[in-house]
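Trainee: Here is what each chain is made of, one letter per residue.
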Amino acid sequence: MRVTDGAIFDGMKRNLGEARARAVDSQTGVGDGKRVHKPSDDPTAFAQARQLKSREALARAGAQEAEAAHSMLGYADDSLNAAGNILADARDLVMHAVSSPIGLAERQEVAIAVDELRKQLLTVGNAEVNGRYIFGGNVNGSAPFASDGSYQGDAETREIQPFPGMRMRANLPGGQAFGADQVNGIFTTLQNIVTNLRADAPAAVRADLDNLDAGLQRILSARGDVGAMMDSMEMAQSVTDRYAYDANAEGARLTQVNEIDAASDLMRAQNAYNAALAAAQRLPLRGLVENGG
Amino acid sequence: SAGDAAAHHTALVGLDNALAESEHGLGSALDAFHASMQDLAAQPSEEAYRAAALAKASELAYAFQNTAQSFDHARTDANARVADEVKAVNSRLVQIGDLNKRISKAEVDGSEASDLRDQRDTMVREVADRVPVSVVEGDNSGGISLLLNGGQALITPEGQVNQLMLTYASNGDVGVTKSASGVTVDVTDALTSGSIGGYLRARDGGIADARESLDQLAYDIAASYNDLHTAGIGLDGVGGRGLFDPIAAVDGAANAFELSNDVAGHPERLATAQTADQLPSDNRNALAMANLASAPIALGGMSVVEALASLTSSVGFAVQSAAHGESFANDAMTQIQSLHDNVSAVSSDEEMVHMMAYQRSYQASLKVVQTADEMLGELMNLRR
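Quick note, the sequences are listed as chains A and B, same order.
By the count of this note's numbering, the first sequence reaches residue 298 at its end, each step adding exactly one.
By the count of this note's numbering, the second sequence reaches residue 603 at its end, each step adding exactly one.
Everything hinted at is true.
Covered stretches of chain B (in silico footprint by chain A; criterion: 3 or more residues with CB under 8 Å from a CB of chain A, positions within the stretch not fixed):
(1) 237-243
(2) 508-516
(3) 523-529
Treat the hints as calculated values from the structure; they're not laboratory data.
Note that CB positions come from ideal geometry on N, CA and C, so glycine has one too.
Whole structure, please, built from the sequences with the hints as guidance.
Mentor: Spelled out as structure tokens, the structure:
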């Protein structure tokens with residue numbers, strides 16, 4: 006086969022260009038750690054990584070929401086704990102007032118104490134965090150409980166969605182916790198007890214003990230509900246955190262270089278480029294033009 | 220041809236770069252918007268989350284417009300390159316026509332026209348690199364005809380040149396026509412190869428398809444969110460507002476994607492509630508809008524995320540295929556060039572050997588003459 010001067014120089018130019026391009030590509034991969042920068046680098050991997058990135062973003066947002074909801078439910082749990090303690094104290098006082106041989110004056114003092122506890126319970130029922138009432142349902146324009154204990158909120162439950170398809174309750178309406186929507190709700194019961202103590206009517210007070218116990222039981226049940234919701238939020242946070250982590254890891258696997266392979270490729274590409282340069286320096290071969298004639 | 224493949228690849232690269240992953244790219248903006256809607260659903264009464272949702276919606280609009288402009292630049296660039304290449308073809312056609320005449324005159328006069336033929340061959344190759352042409356040798360005049368794909372004559376053997384002309388459609392797209400004997404013919408569809416063919420194929424194929432998908436995605440997102448937002452109620456108790464400006468048609472939707480003036484700057488107007496009696500904590504409409512991130516609302520049944528991934532993979536495959544095509548065409552060209560050189564190019568060693576042989580022949584001839592001269596001289600000396 007005839008090897009012409011033009012073919013020699015064209016081949017040298019082409020080999021140098023290709024070796025240099027491979028060296029630059031390897032350098033870029035090692036430099037930023039990525040092997041897929043644009044869709045054309047690996048269309049399938051790019052598209053999959055794009056979807057994983059989207060899912061990761063949603064999962065991280067969901068994890069934050071679950072964490073925030075868990076925190077809010079934690080405040081609800083603390084409040085219900087305080088409410089339970091208040092009711093327990095009130096029960097102790099009422100038991101003393103109805104079972105001990107005490108006089109009117111002492112019953113009046115118990116009435117004052119129970120009324121104070123009722124006001125404390127109102128404060129607990131109207132607790133707010135960052136401007137939102139904990140026990141108001143979906144109503145936030147006014148406090149859930151009026152001074153007379155009547156419930157001003159609603160029975161709506163609020164849901165969050167930490168993950169597509171994963172809807173979770175994130176609140177406990179005050180009516181459910183304090184029974185304020187019922188005739189024998191806790192505030193009505195306490196008010197009745199105060200009134201009957203002031204009227205020195207221990208029999209009537211004794212009759213309200215059952216309602217007081219029912220109220221205490223309702224608070225304990227509400228704490229159970231809140232506890233279950235908190236467990237669900239913890240689970241949701243764990244699931245979404247894990248999903249985000251896995252999505253990130255899979256996306257990295259698809260688009261990032263293996264550092265060892267990349268370093269090896271870079272060395273190989275650089276050696277090939279150096280070899281092409283050395284070969285080019287030896288061309289053109291000394292021929293008859295230089296040696297003959 | 221190599222020119223066709225290179226042009227096709229060059230024209231599509233702009234799409235590839237527009238969809239590359241970046242902090243302010245379309246994908247990132249979409250992710251941030253979806254996350255903000257999810258946050259809003261969890262905290263519908265919080266001013267900060269409402270403001271963030273509006274900001275992310277605005278950034279999404281900007282990302283769509285930016286991507287659409289990049290796609291438009293790719294189309295505009297392809298049109299500009301077609302125009303430049305047509306001018307380059309016309310310039311060479313004029314030169315070929317002139318060379319036809321000079322070759323004919325030289326060969327009629329009996330002179331050697333090899334250099335002129337070589338120049339003409341170079342010009343013809345440069346034209347063929349741009350448009351699909353076939354060469355027809357004339358009769359013994361030495362001239363050639365250059366016929367465009369489909370038989371339209373660009374050059375006659377007598378040297379008549381029918382240049383290509385540009386036309387511009389209302390959308391800015393370039394077309395190519397040719398006139399001969401007062402008749403103008405649209406030859407755009409005949410330009411199926413060459414660099415002009417490559418640019419046209421990219422413009423009307425890959426670029427147009429990508430732009431259509433982008434517009435459809437923008438249209439579907441705006442329509443779906445607007446349907447829900449219009450049905451919902453803001454903190455001010457007012458409903459019936461869209462989240463984005465209504466888009467009348469799919470064509471151009473990405474450019475028209477814009478946050479509605481009804482809500483821009485007014486976070487309280489974001490319609491997170493379904494009924495006014497449960498404001499401000501009612502998040503049911505916000506939850507419904509957050510669900511759109513995974514709902515099949517785009518491109519005929521895909522989620523928005525899937526639709527964007529589909530768009531990027533289509534563009535990626537088109538650019539990758541064009542790159543491979545260019546590489547293959549270049550390799551084929553190299554091989555053909557090598558075969559051509561094998562027959563007609565110069566090997567300096569070979570020419571040196573020929574020169575040495577001719578030198579020896581000349582030296583031998585000189586020796587014969589010298590010997591004959593000496594013999595005659597001797598003969599003359601004998602007679603004296």
